[in-house]
Amino acid sequence: MLILIILTVPLLFSGIILLRPSLVLQKILLTAYAVLHLSCSAGLYFSPGRLSAYFQTDELNILFLLLLSAVFLAVSVYHLGSDEIGNDTQGKLYTVFLLLFVDSMNGAILSAHLGLLWVFVEASTLSSAMLVYHHGNKTALEAAWKYIFICSIGISFAFIGIIFLSVGSVGIDSLFFRDLNRNAANINPFWLKLALPFLLVGFGTKMGLSPMHNWLPDAHSEAPSPVSAMLSATLLNAALLGILRVHKITFPAGLEKFSESILLAMGLISIFISAVFIVNARNYKRMLAYSSIEHMGIIAIGLGLGGAGIFAALLHMVGHSLAKSAFFLTAGNIYSLTHSKKIKAVRGLFWQDNFTAWLWVFSFLAICAFPPFSTFISELMIIKEMLAGHIFLLVFFMGCLTLVIYGMSRQVMKMVSGVPGIERENKFRPGLWSYIPQTVLLAAALAIGIGIPAWALELIKNAAGFIR
Amino acid sequence: MNFENSLIILFAASMLYVAVTSRLEAYIKALAFQGFLLFVLAVFFNIPHGDFLTTGFIVFETFFLKMIVIPLYLRKVIRDNEILRETEPYIPNLYSLIIVSLLTAVGFLFAGITSKVQHPVNPIYFGVSISTIMTGIFIIMTRKKLITHVIGYIFMENGIFLLSLSAAGEMPGVVSLGVALDIFIWAFLAGVFLRRMQGAFPEQDIDKLKGLRG
Numbered sequence: 001m002l003i004l005i006i007l008t009v010p011l012l013f014s015g016i017i018l019l020r021p022s023l024v025l026q027k028i029l030l031t032a033y034a035v036l037h038l039s040c041s042a043g044l045y046f047s048p049g050r051l052s053a054y055f056q057t058d059e060l061n062i063l064f065l066l067l068l069s070a071v072f073l074a075v076s077v078y079h080l081g082s083d084e085i086g087n088d089t090q091g092k093l094y095t096v097f098l099l100l101f102v103d104s105m106n107g108a109i110l111s112a113h114l115g116l117l118w119v120f121v122e123a124s125t126l127s128s129a130m131l132v133y134h135h136g137n138k139t140a141l142e143a144a145w146k147y148i149f150i151c152s153i154g155i156s157f158a159f160i161g162i163i164f165l166s167v168g169s170v171g172i173d174s175l176f177f178r179d180l181n182r183n184a185a186n187i188n189p190f191w192l193k194l195a196l197p198f199l200l201v202g203f204g205t206k207m208g209l210s211p212m213h214n215w216l217p218d219a220h221s222e223a224p225s226p227v228s229a230m231l232s233a234t235l236l237n238a239a240l241l242g243i244l245r246v247h248k249i250t251f252p253a254g255l256e257k258f259s260e261s262i263l264l265a266m267g268l269i270s271i272f273i274s275a276v277f278i279v280n281a282r283n284y285k286r287m288l289a290y291s292s293i294e295h296m297g298i299i300a301i302g303l304g305l306g307g308a309g310i311f312a313a314l315l316h317m318v319g320h321s322l323a324k325s326a327f328f329l330t331a332g333n334i335y336s337l338t339h340s341k342k343i344k345a346v347r348g349l350f351w352q353d354n355f356t357a358w359l360w361v362f363s364f365l366a367i368c369a370f371p372p373f374s375t376f377i378s379e380l381m382i383i384k385e386m387l388a389g390h391i392f393l394l395v396f397f398m399g400c401l402t403l404v405i406y407g408m409s410r411q412v413m414k415m416v417s418g419v420p421g422i423e424r425e426n427k428f429r430p431g432l433w434s435y436i437p438q439t440v441l442l443a444a445a446l447a448i449g450i451g452i453p454a455w456a457l458e459l460i461k462n463a464a465g466f467i468r
Numbered sequence: 001m002n003f004e005n006s007l008i009i010l011f012a013a014s015m016l017y018v019a020v021t022s023r024l025e026a027y028i029k030a031l032a033f034q035g036f037l038l039f040v041l042a043v044f045f046n047i048p049h050g051d052f053l054t055t056g057f058i059v060f061e062t063f064f065l066k067m068i069v070i071p072l073y074l075r076k077v078i079r080d081n082e083i084l085r086e087t088e089p090y091i092p093n094l095y096s097l098i099i100v101s102l103l104t105a106v107g108f109l110f111a112g113i114t115s116k117v118q119h120p121v122n123p124i125y126f127g128v129s130i131s132t133i134m135t136g137i138f139i140i141m142t143r144k145k146l147i148t149h150v151i152g153y154i155f156m157e158n159g160i161f162l163l164s165l166s167a168a169g170e171m172p173g174v175v176s177l178g179v180a181l182d183i184f185i186w187a188f189l190a191g192v193f194l195r196r197m198q199g200a201f202p203e204q205d206i207d208k209l210k211g212l213r214g
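If you read the protein sequences in the order shown, they are chains A and B.
1 is the number of the first residue of the first sequence in my numbering; add one for each residue after it.
1 is the number of the first residue of the second sequence in my numbering; add one for each residue after it.
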């Protein structure tokens with residue numbers, strides 16, 4: 001029942017918005033759905049549900065669903081004070097596509113069938129492409145085009161992988177995760193081995209992992225900031241869920257080492273590429289986008305190490321989602337203040353807007369894994385896992401992370417310090433709604449780092465245990 | 001069986017035709033022709049027994065979408081945007097033909113290798129679909145125009161559809177409907193963005209998409 005509500009209410013609300021396009025109504029419905037989403041997810045946490053054979057919750061996807069609820073609620077509250085939606089007509093399309101985007105992620109997270117998961121991941125590309133294009137200028141068009149094209153080709157690879165997997169699973173004749181996991185030992189290893197690179201690279205494209213990460217910096221930097229926050233903190237996770245579902249099958253099939261080595265390779269290339277680009281960043285939203293690639297790389301490395309690395313990867317995912325959505329929303333504040341995405345054009349944030357500057361600094365600390373934020377603990381766990389026999393990896397890993405911290409701290413400090421250049425008329429002051437969501441998100445990241453609540457620990461532990 | 005195989009060979013030949021032709025509308029015709037072949041192959045040779053729902057979706061996807069709607073829509077986009085009728089490849093057509101022939105050979109080689117592993121796949125289907133997917137990517141890589149990228153992607157999708165026909169495990173009807181809808185919406189959205197690009201990048205070349213860097 002709760003799953004039905006989560007999946008159908010956005011369609012209903014989209015219909016209402018199309019009939020009555022008023023900006024106030026759009027913001028109210030968006031927030032109402034976010035609150036409803038969180039309540040339903042909480043309900044599903046206490047009593048797992050299912051809707052026909054195709055949608056159901058389990059130990060793994062409930063974590064993703066709760067995280068989606070939390071980030072979506074923060075983003076929709078941020079919308080209450082944001083001017084990025086535009087007027088009634090622009091807002092109509094924006095809100096409808098945002099609702100459809102969230103719904104496609106709901107579908108991807110809740111689906112119990114590999115083919116259905118694919119359909120929803122592809123649908124999430126289609127619905128969010130319009131959001132990337134929202135500003136309607138030349139660069140946004142270019143970003144949307146690259147986004148829809150590269151992601152679709154990547155996701156097609158995943159579909160090829162799904163077909164190979166179904167060729168190899170003769171006798172099982174089903175792509176429900178339950179059946180695949182139960183009969184994994186009977187899947188022909190040749191076909192599973194052939195399917196794995198396609199599936200991992202395919203879903204990895206959507207997750208922003210190398211070698212097909214090129215869409216991510218463009219899409220994240222050109223989309224309105226609340227959308228960037230959603231893309232980075234929820235969409236990448238939905239694709240990660242696809243990878244985890246596939247990765248889980250390899251354990252009973254005895255191919256986990258093969259899958260782990262692919263993930264490890266993709267993760268290492270990702271953090272290297274992102275480190276190089278972050279050092280040379282000129283656009284602060286692109287810098288955050290490359291940081292997303294870096295963190296997805298860290299998650300892939302955690303999965304690739306196996307053992308306690310899986311728990312660390314999931315904890316890192318939670319920490320990244322909370323911190324990165326706060327970071328992107330604060331980038332929205334900065335854009336409203338300065339009307340520029342260039343790092344050069346932003347100076348003296350402390351002078352212009354004290355609270356935004358503090359949020360910017362704290363988001364940076366949370367993303368770069370400074371203690372006591374939760375990302376620190378997860379990265380420490382991954383490092384600890386590397387110490388046991390992967391010393392060269394550790395050196396490379398630490399080198400890349402140091403480069404990222406150097407690059408980001410330099411840019412962030414440049415932006416907050418000093419005195420702003422030319423005074424602009426039409427001075428915009430972010431309202432209370434533009435501060436609260438980030439503060440809450442960062443507080444949550446901090447709370448998990450200092451003393452994780454027992455239920456949250458249990459949640460992540462169960463999810464990690466479910467994969468193994 | 002023989003008739004079925006000759007249809008698949010025709011499918012492979014249509015990709016060779018795409019490699020040598022320099023007219024954009026010929027691509028569209030090849031798309032429609034492939035849609036027709038897929039319709040015949042799916043409905044007359046790979047029909048799931050008595051599953052009317054899945055059959056309905058397959059007819060919808062192949063006959064309606066792949067053979068009629070998508071080609072007509074793309075033709076309309078080409079005509080409305082007054083895109084030049086040339087395909088403007090980066091490399092001469094002769095080289096394209098040689099490379100696509102090689103890709104076809106690789107597809108069959110691959111099918112030959114995999115047929116040694118016990119599996120329920122028809123090797124001819126398998127070889128042609130693998131080579132079609134690779135050719136689709138090749139078309140995307142070597143053609144300048146954005147519209148040819150869209151068409152190349154749909155060639156690739158046709159190859160994937162053929163691959164899914166060759167696999168024994170059937171997708172449930174709901175899933176194949178979802179896949180069909182995704183591809184249709186994709187083609188529609190790509191068309192919408194192409195129209196917008198006509199204003200922003202009048203040449204519609206991939207070379208012009210260089211605004212986002214760093």
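Hints listed in this document are in silico derivations from the structure and should not be mistaken for laboratory results.
Among the hints, a few may not be true.
[What the hints assert, rightly or not] Keeping only pairs whose Cα atoms sit at most 25 Å apart, straight-line, the calculated BS3-like set for lysine-lysine is:
{"id": "1", "chain 1": "A", "residue 1": "K344", "chain 2": "A", "residue 2": "K248"}
{"id": "2", "chain 1": "A", "residue 1": "K138", "chain 2": "A", "residue 2": "K344"}
{"id": "3", "chain 1": "A", "residue 1": "K193", "chain 2": "A", "residue 2": "K138"}
{"id": "4", "chain 1": "A", "residue 1": "K342", "chain 2": "A", "residue 2": "K248"}
{"id": "5", "chain 1": "B", "residue 1": "K29", "chain 2": "A", "residue 2": "K193"}
{"id": "6", "chain 1": "A", "residue 1": "K248", "chain 2": "A", "residue 2": "K193"}
{"id": "7", "chain 1": "A", "residue 1": "K461", "chain 2": "A", "residue 2": "K146"}
{"id": "8", "chain 1": "B", "residue 1": "K144", "chain 2": "A", "residue 2": "K138"}
{"id": "9", "chain 1": "A", "residue 1": "K257", "chain 2": "A", "residue 2": "K461"}
{"id": "10", "chain 1": "B", "residue 1": "K76", "chain 2": "A", "residue 2": "K138"}
{"id": "11", "chain 1": "A", "residue 1": "K461", "chain 2": "A", "residue 2": "K341"}
{"id": "12", "chain 1": "A", "residue 1": "K146", "chain 2": "A", "residue 2": "K193"}
{"id": "13", "chain 1": "A", "residue 1": "K146", "chain 2": "B", "residue 2": "K76"}
{"id": "14", "chain 1": "A", "residue 1": "K461", "chain 2": "A", "residue 2": "K138"}
{"id": "15", "chain 1": "A", "residue 1": "K146", "chain 2": "B", "residue 2": "K116"}
Fair warning: this is a prediction, and the values are worked out from it, not measured in the lab.
Mind checking the alpha carbons of K193 (chain A) and K138 (chain A) for me, to see if they're no more than 25 Å apart? violated, 42 Å
Is K461 (chain A) within 25 Å of K138 (chain A), Cα to Cα? violated, 45 Å
Between K461 (chain A) and K146 (chain A), does the CA-CA distance stay at or below 25 Å? Status violated; Cα separation ~37 Å.
Between the alpha carbons of K144 (chain B) and K138 (chain A), is the straight-line distance 25 Å or under? Distance ~19 Å between K144 (chain B) and K138 (chain A) Cα, so the pair holds.
Hint check: K29 (chain B) vs K193 (chain A), CA-CA at most 25 Å. Holds or violated? violated, 37 Å
Against the 25 Å threshold, does the CA-CA distance of K344 (chain A) and K248 (chain A) hold or violate the hint? The given pair, whose Cα atoms are some 45 Å apart, is violated under the 25 Å limit.
Take the C-alpha atoms of K146 (chain A) and K76 (chain B), compute the straight-line distance between them, and say whether it is at most 25 Å. holds, 22 Å
For K257 (chain A) and K461 (chain A), compute the direct alpha-carbon distance and say whether it is at most 25 Å. Given that 25 Å is the threshold and the Cα spacing comes to 22 Å, the pair holds.
Pair hint K461 (chain A) and K341 (chain A), alpha-carbon separation not exceeding 25 Å: violated, 39 Å
Assess, step by step, whether the Cα of K146 (chain A) is no farther than 25 Å from the Cα of K116 (chain B), and give holds or violated. violated, 39 Å
Check whether the Cα positions of K76 (chain B) and K138 (chain A) lie no farther apart than 25 Å. holds, 23 Å
Holds or violated: K342 (chain A) with K248 (chain A), Cα cutoff 25 Å? At roughly 42 Å apart (the allowed maximum being 25 Å), K248 (chain A) and K342 (chain A) break the hint.
Of the hints listed earlier, those the structure fails to meet are numbers 1, 3, 4, 5, 7, 11, 12, 14, 15, in rising order.
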